[in-house]
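All chains should be built: construct the whole structure from the sequences, respecting the hints.
Number of protein chains: 4
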Amino acid sequence: MKAIIYRGPGTPSWDDAPDPEITDEADAIVRVDATTICGTDLHILAGDVPSVHPGRVIGHEAVGTVEQVGSSVRTVGEGDRVLVSCISSCGMCASCREGHFGQCRGGGGWVLGHTYNGTQAEFVRVPFADTSTYQLPAAIADEEALMLADVVPTGYEVGVLKSRVQPGEVVAVIGSGPVGLAAIMGARLFSPSHIVAIDPAERRLEAAKHFGADVTVNDSVASPLEVVRSLTDGRGADVVIEAVGLPETFELAVRLTRPGARLANVGVHGKPAAFHLEDQWTRDLTVTTGLVDTYSTPLLMRLLASRQIDTRKFVTHRFGLDEFSEAYDVFARAGDTGALKVVLSR
Amino acid sequence: MKAIIYRGPGTPSWDDAPDPEITDEADAIVRVDATTICGTDLHILAGDVPSVHPGRVIGHEAVGTVEQVGSSVRTVGEGDRVLVSCISSCGMCASCREGHFGQCRGGGGWVLGHTYNGTQAEFVRVPFADTSTYQLPAAIADEEALMLADVVPTGYEVGVLKSRVQPGEVVAVIGSGPVGLAAIMGARLFSPSHIVAIDPAERRLEAAKHFGADVTVNDSVASPLEVVRSLTDGRGADVVIEAVGLPETFELAVRLTRPGARLANVGVHGKPAAFHLEDQWTRDLTVTTGLVDTYSTPLLMRLLASRQIDTRKFVTHRFGLDEFSEAYDVFARAGDTGALKVVLSR
Amino acid sequence: MKAIIYRGPGTPSWDDAPDPEITDEADAIVRVDATTICGTDLHILAGDVPSVHPGRVIGHEAVGTVEQVGSSVRTVGEGDRVLVSCISSCGMCASCREGHFGQCRGGGGWVLGHTYNGTQAEFVRVPFADTSTYQLPAAIADEEALMLADVVPTGYEVGVLKSRVQPGEVVAVIGSGPVGLAAIMGARLFSPSHIVAIDPAERRLEAAKHFGADVTVNDSVASPLEVVRSLTDGRGADVVIEAVGLPETFELAVRLTRPGARLANVGVHGKPAAFHLEDQWTRDLTVTTGLVDTYSTPLLMRLLASRQIDTRKFVTHRFGLDEFSEAYDVFARAGDTGALKVVLSR
Amino acid sequence: MKAIIYRGPGTPSWDDAPDPEITDEADAIVRVDATTICGTDLHILAGDVPSVHPGRVIGHEAVGTVEQVGSSVRTVGEGDRVLVSCISSCGMCASCREGHFGQCRGGGGWVLGHTYNGTQAEFVRVPFADTSTYQLPAAIADEEALMLADVVPTGYEVGVLKSRVQPGEVVAVIGSGPVGLAAIMGARLFSPSHIVAIDPAERRLEAAKHFGADVTVNDSVASPLEVVRSLTDGRGADVVIEAVGLPETFELAVRLTRPGARLANVGVHGKPAAFHLEDQWTRDLTVTTGLVDTYSTPLLMRLLASRQIDTRKFVTHRFGLDEFSEAYDVFARAGDTGALKVVLSR
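Protein chains in written order, with the working numbering: chain A, 1 to 346; chain B, 1 to 346; chain C, 1 to 346; chain D, 1 to 346.
Warning: the hint list may mix true and false statements.
Simulated restraints on C-beta separations [to be verified]:
hint : chain 1 : residue 1 : chain 2 : residue 2 : range
1    : B       : E25       : C       : D48       : 35 to 45 Å
2    : C       : D310      : A       : A141      : 28 to 38 Å
3    : B       : L299      : A       : G55       : 53 to 63 Å
4    : A       : G99       : C       : Q308      : 23 to 33 Å
5    : A       : D214      : B       : S220      : 51 to 61 Å
6    : C       : D310      : A       : N218      : 42 to 52 Å
7    : D       : S220      : C       : D310      : 50 to 60 Å
8    : C       : M1        : B       : L299      : 37 to 47 Å
9    : D       : S220      : C       : G47       : 32 to 42 Å
Calculated directly from the structure, the hints in this document are not laboratory data. No residue lacks a Cβ here, since even glycine has one placed at the ideal position from N, Cα and C.
Okay, structure coming up:
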């Protein structure tokens, strides 16, 4: 088959790779019908993720059709149309039994395109298929479902649910990339009074409005702190979601809070941030971090089916699987191209 | 009357001060029967708390007898024996209505010995007396109750309740000063499997055992990380309570956590700490900060009355009110004297 | 002044009554600008509420203008436009300090039009004015605010918040009277997938649609159980809100639940219901009851100001204060008149 | 092998039965080293549980040794010493993924000794062995662990956790049979101020004291209502746990509550109870029901290993497996024999 293989820092190409095979009776082989690229994939290709070794097929998001299943797989079978989630779950370890699939200690967690071959390929072997794939109803299109493989549950679980957004609150979301937009979309389900999107790119702020932000701040020209204060009688936001991953955006996030606020970090960080405890120790803050567990996938599927969320809005560019080079180029230059999520389909 | 007055950085002395008077109809004048010294008072006297201006009577903890009440005070009256809490609460603002008395926006919060004259005096004017004092049953002795003015609710609310200690968990408490010990005492109520006390002073670790720690680590000679890992199959503590207030102890607190842990900061910090988000962004941490609200005071009073907590263990030294200089000296040299809480009684 | 006075079972009339006077320094005298009639008032007039004694001015909902305040009132003053809530709160007792204002043990709770003279009058004395009235911003009209005096917080707190409605859930609301409609409006804020309104009156089901129900069941001709099952793969509703108050509707509510569901009773009951524990003991049900606390009033005011809820939809009929007889007649014959809430204005 | 087989209403006998065999690759065959009798087994033998058909081997609690596992079983193997839980869990269905194993929709739930052959036998086939058995550390004795098969997690999850017992609260437990005692033991972990045990049998009240009750009421001679009121200033209990299963004990449970209390039903009911909503609709009650999920099993194992709970106290009588008739007789006449749990060992 063809696949995107990490061969050390460099440019991705759609190369020959061996077909995956069932190596464990809980595996499924899934034909990839649609896949996408995540910011993490760019980091991998840049050589920034040492746990990904050369030779690895990358990618951790897919919608596909089951080709074959191992002997112990019960709930999915050949021909089933499934979502392949970024998180695999053994279903048996203490973490999985408590719903913390992202922290799976039985061989799952984020493994696809990381320590296992991934989804940017014609076929993918999915471990623990019963607890790592989701049957798709016919009413949900491939590209709609594909957004549930990572970006939507990440924004919802790590951003919205951890920060416990409530009706009438003021929510500030720093960063209007795909995950920030997913957080905005998810926060809207709880009827906050305001969602303030903060980003230096006008194009992304325009997108943020389509996802549910009612206030936007271009922080290259305006002060998010002033905007948030003006909306909150000077107190600060009830909830802040950090979806960038830089020390300065985390530090901004802290400054935007009101006393008693919840700050959910969703951003992928490469460096420490300064936590100004000398100012914050009295302020009743709650700061959370987290990797997605994907426990919300069935719910998000239901919201998709009932048309309460529209995930097609993420898809800005569409390609064939054999156009991966172009797709990577468009995605990597998101500032110019306005790319949010690119979809590659069979 | 006599009182301890902040006159700029220097040594405290028991000086003449004007008698307090009712200036608002919600006030009470309380004769101080017992008071104590807090670490914060040392910071004030060192000139580290700029919001305390020279001329201020300091101190924010007392047990006393009501001498006089303003015309609108309903629930306490002359002759009543009361606890004067470190937190005053107007009872009417949005924060107070939600139980966040420490964040009172109606003129309360931490005001005694801060922006109002305080309790290290023969008499103190307590604002909002109905919602800032607590009637004491005869069965509770002055010095027992006095510990509920600040240290016990601080450890319990900001340390134990914010970190949601559960039966069977492993709790690490960094710092075995009075607030750390209060956190240990409070955590014990939830039957964790282990409470690990971490402090460089052997004397304090001895105290920690009396308050409920079953494991102690002298971190000047041993590695808390190794101890916690050995108790938790290498995973880390379920709960970490930081009760010191230094960048390095906060950073240690983060390192001691397991994925999914709760870290409650109780320490008073003067400098920022580094928050290693590059390691922590995936780890499902919850970090909280907070000022005590004292909403738990009625509960703690009940636990005292039923002898489920014993707050006399905090009291290491006893003085007369006119021995404040000596008391400050003993308290300031806690490393040598083994002082936890010193009580000054009429 | 004129007022509606309970004189034993019979028809209400707009009679002479003594003007209210400040009798406690925490009181306010409020001129009633707008008031309304509650189902409870009908029960009182029928003689069904023995705790209301003859001679009592009834009514517990008003918007008005402060005429005079007692000496200890701080936060409201002459000329202020305020909401007078159905729940008065002393602000000092253990219940009030925990936010359970409806269970006030200091002289508040539901007292207006019950054990104190009420709001169906030209003037009303409001006890504990600081903690029992709410300042109204100019942008909120009298009749909009008036709905927050009882019906909207009751539906929201006792129906929606106690049952913890979540995005994507199926919510069944039994009864489309004013409180049922308030529950529907409040549930919608949490983005359930379906809200099923159940009522025997078509006119009320029509109203239910305007308040946010997407499925309606006329239970005089169709089976709510079948409708709910068809929406939930045969499992039952995630949340059921009982807003009628009869044994049979409570028993229906239980039957409509899925295992693990939450059932919030909001209905005012006069008789016991059978609780079929022989069927339910294994089903992980949570059943709640409750009197409104009105802790959500500030939030609801914010939602009104941001136009996230529209409470004018409740108002079907408008009268002058001197048209009380007519208003009572229209409200009592709601089945014929389609009355939801009637507003009487100065 | 030998087993206790339900053959229609009658007396149990230790009869020949076919050896169980692996019929699904997720099965394990476990040699029963210790088992016990549950009140439910008496109901089955009396013919009161129609879902149990004649020919069924009964019993749903065991500690044993794995003899053989199906081809897909990963985490347990031949020779492992395991707890066989009363709840089997497929680990894959929506209920199991949310931790509601008792509501398993994939073929688990309470199946052993119900719809599958059970544990009162020399061998038992356990379905979904990976997610339905628990490895036992050597430090925990068979009979200690056996109590975790049903009674201890039932009292803890359905009684204590659902009712959210907190430090300083007053907890009333109606019924001092094994499950009531388990609730008492579990409640004690949260440091309530009082646990009031209510039962008509003095012997059981004596047991209740050993499990952690500090107040006992023989309700054949004294009024539980008066006792609870005297402990709570007339208000009622914060938490009531019903562990009997009769209409009158449920109705008593409701009467014992304070406003705002939580009432957890653990009792197995055969008839409806009257729920006096005419009194309770304003009282902010939370009433829960539930079947055990056994999600707390790993925690309870930890508490057993750390000696924070002592489950040997449940074991009043010990027998060999071939003495089942005698064991049933002793257990059925618990009033005379003082039997709590009887253990039958190989």
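These are the hints, each one checked on the structure:
1. The hinted window of 35 to 45 Å between E25 (chain B) and D48 (chain C) holds, with their beta carbons roughly 42 Å apart.
2. Separation of D310 (chain C) from A141 (chain A) is about 34 Å and conforms to the stated range, judged on CB atoms against 28 to 38 Å.
3. Between L299 (chain B) and G55 (chain A) the C-beta distance comes to about 60 Å, which sits within the given range of 53 to 63 Å.
4. Distance hint for G99 (chain A) and Q308 (chain C): a CB-CB separation of about 31 Å, consistent with the stated range 23 to 33 Å.
5. Between D214 (chain A) and S220 (chain B), the C-beta spacing of about 54 Å keeps the proposed range 51 to 61 Å intact.
6. Range check, D310 (chain C) to N218 (chain A): about 32 Å between beta-carbon atoms, so the 42 to 52 Å window is missed.
7. Between S220 (chain D) and D310 (chain C), the C-beta spacing of about 59 Å keeps the proposed range 50 to 60 Å intact.
8. Our hint of 37 to 47 Å for M1 (chain C) and L299 (chain B) holds, since their Cβ atoms are close to 46 Å apart.
9. In this structure, S220 (chain D) and G47 (chain C) meet the distance hint of 32 to 42 Å, their C-beta atoms being roughly 41 Å apart.
Of the numbered hints listed earlier, the single one contradicted by the structure is hint 6.
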